[in-house]
Amino acid sequence: MINNKKVFLIYIISFFLFLTLILFPNYNSKTKLFTFFVKEKIETPFIFVGKEVRDLLMVLNLNFDYMNTIKKLEGDNNYLRSINKYLLTLTSKYSEQNKIFHQSAIAIPLSIGVQVLGDRNLVYNKNFIINKGSKNGLVIGDYVIDGLNIVGRVVNINLNTSEVVTVKSINYGDEVFINGKSYIVSGTNNNYLSFLRQKESTEVPDFQSGDVAVVHLDNVILRLGIVSFENNQPILLTSDVTNLENLRAVTND
Amino acid sequence: MIRLFFVIILFLIYGNFNFVINDIVVFSLINIAFFTVLKEKNIKIIDIFIFILSTFVVEVFVGLPILIGIVVLFIPLLLLNYFINNYNFSTFIKSLIVFFLSFISFFLFDQTIVFRLLNLQYFLCILILTFIFLGLSNYGKE
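Protein sequence lines correspond, in order, to chains L and H. Numbering-wise (numbering that gives the first Met the number 0), the first sequence opens with residue 0 and increments by one. Numbering-wise (numbering that gives the first Met the number 0), the second sequence opens with residue 0 and increments by one.
In case anyone wonders, no lab produced these hints; they're calculated from the structure. Please read all numbers here as calculations on a predicted model, not as lab measurements. Yeah, the Cβ is synthetic: ideal placement off N, Cα and C, and Gly gets one too. Take these hints with a grain of salt, some might be off.
[What the hints assert, rightly or not] Stretches of chain H that chain L covers, calculated by requiring three or more beta carbons in the stretch to come under 8 Å of a beta carbon on chain L:
#, stretch
1, 6–13
2, 59–65
[What the hints assert, rightly or not] Now the in silico label distances, taken between C-beta atoms and shown as ranges:
#, chain 1, residue 1, chain 2, residue 2, range
3, L, 136, H, 18, 30 to 36 Å
4, H, 106, L, 180, 40 to 46 Å
5, L, 122, H, 123, 18 to 24 Å
6, L, 59, H, 135, 22 to 28 Å
7, H, 12, L, 87, 25 to 31 Å
8, H, 126, L, 190, 31 to 37 Å
9, H, 78, L, 230, 43 to 49 Å
10, H, 3, L, 21, 23 to 29 Å
11, L, 230, H, 45, 41 to 47 Å
12, L, 145, H, 3, 35 to 41 Å
13, L, 5, H, 133, 37 to 43 Å
The whole structure should be built from the sequences, with the hints applied where relevant.
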């Protein structure tokens, strides 16, 4: 069957390596994160060349079309400028009102932009890898957000890459505030989170469908989901995150 | 060497296109791993190396414990290798065995693949490729 003893030697070495990685999961995740770091570094020149070639082809092919498009866009641009002015006026009014009611401007979290490496569709598991790590100021537990919606939290960290567990994952857990009361929620591998209990209390939760669950950081409020009911059991519906293109990691918590 | 090259290319491709390509990448890596162990009776060191590399890449992408592929699959695959190569099956049968084994493994990672296979695009691609293969093998010399 196999004449080569070296094959079995390699198998035995692999077996003990596997045992080591199972017994020390930290090394397992570090290896994974380092592999994605290597992948990103290797693919960067290819992506750059690909973009350059695509741009060059577009320039060669579409120059004439652009001339017509530019004329059309100029008209659209003027129209959008007028709308923008109107929206700016509305926004300034809203900001002033917000200052009057809350004594402060709208708080925006201190965050850094992150890019997803590997699978963006959460097909095989509900975690993903981002291209920022401890070198960029991330720590375990930091929130990853899309706008002010929570997408997930950092669970493993390496120098240049991190692993994020999403709110859809069964491994996600958090403390949220609904109508000023604190609750513990847990992920379910579906588009909703389940309520475990009200923190430090045995009372029956009294929230209603449509209440918003938020997470308080220092001076920022992040949105986790909306309360809903399924079979008379309260659940927390998360936003259906399918676009992981413009994510940010909050670093000031 | 060609398999090594493919593993590296697939490693780089994963995540840069849509999820259909991601599926194909994972499926191809599983195919390479199984083919490497099942292709001939005597397994060489380079084959083991490619098997470990391709399973490692799948494990990293899918989120499995690292090296579980070689530890769990290697001995059953050796037994299957013994079975296949001693019965001297044709290349066509061997390819089918590798394909279905890979498909079952892939199904364990992502059960929704069956529903997606029923998608018309996948189904048409499989049908077209099958008929091209049958046509060329029967009438290719004419």
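task: Take the C-beta atom of residue 136(L) and the C-beta atom of residue 18(H), compute their distance, and say whether it sits inside 30 to 36 Å.
output: At 31 Å between Cβs, range holds.
- request: Check the following: the C-beta atoms of residue 106(H) and residue 180(L) are separated by a distance inside 40 to 46 Å.
  value: Check passed, 44 Å falls within 40 to 46 Å.
message: Tell me if the beta carbons of residue 78(H) and residue 230(L) are separated by a distance inside 43 to 49 Å.
response: 48 Å, holds
query: Is 37 to 43 Å a correct range for the gap between the Cβ atoms of residue 5(L) and residue 133(H)?
result: 41 Å, holds
message: Just to be sure I understand the hint, the distance between the Cβ atoms of residue 3(H) and residue 21(L) should be within 23 to 29 Å; is that true here?
response: 27 Å, holds
query: Given a hinted range of 35 to 41 Å, is it respected by the beta-carbon distance of residue 145(L) and residue 3(H)?
result: Once the Cβ atoms are compared, 38 Å apart, the range 35 to 41 Å for residue 3(H) and residue 145(L) holds.
message: Assuming the hint says 41 to 47 Å, is it satisfied by the Cβ distance from residue 230(L) to residue 45(H) or not?
response: 56 Å, violated
query: Checking C-beta pairs, does the stretch 6–13 of chain H have three or more residues closer than 8 Å to chain L?
result: That given contact holds, which follows from 3 residues of the stretch 6–13 of chain H lying within Cβ reach (below 8 Å) of chain L.
task: Evaluate the given range 31 to 37 Å for the C-beta pair formed by residue 126(H) and residue 190(L).
output: 34 Å, holds
query: Range hint 18 to 24 Å: satisfied by the CB atoms of residue 122(L) and residue 123(H)?
result: Given range 18 to 24 Å: holds, Cβ gap about 22 Å.
message: Can you tell me whether the CB distance of residue 12(H) to residue 87(L) sits inside 25 to 31 Å?
response: For residue 12(H) and residue 87(L) the Cβ distance comes to about 44 Å; the hint is violated.
message: For the hint 22 to 28 Å, verify it against the beta carbon of residue 59(L) and that of residue 135(H).
response: Violated - the Cβ-Cβ distance for residue 59(L) and residue 135(H), about 37 Å, lies outside 22 to 28 Å.
Going through the hint list in order, the structure does not satisfy hints 6, 7 and 11.
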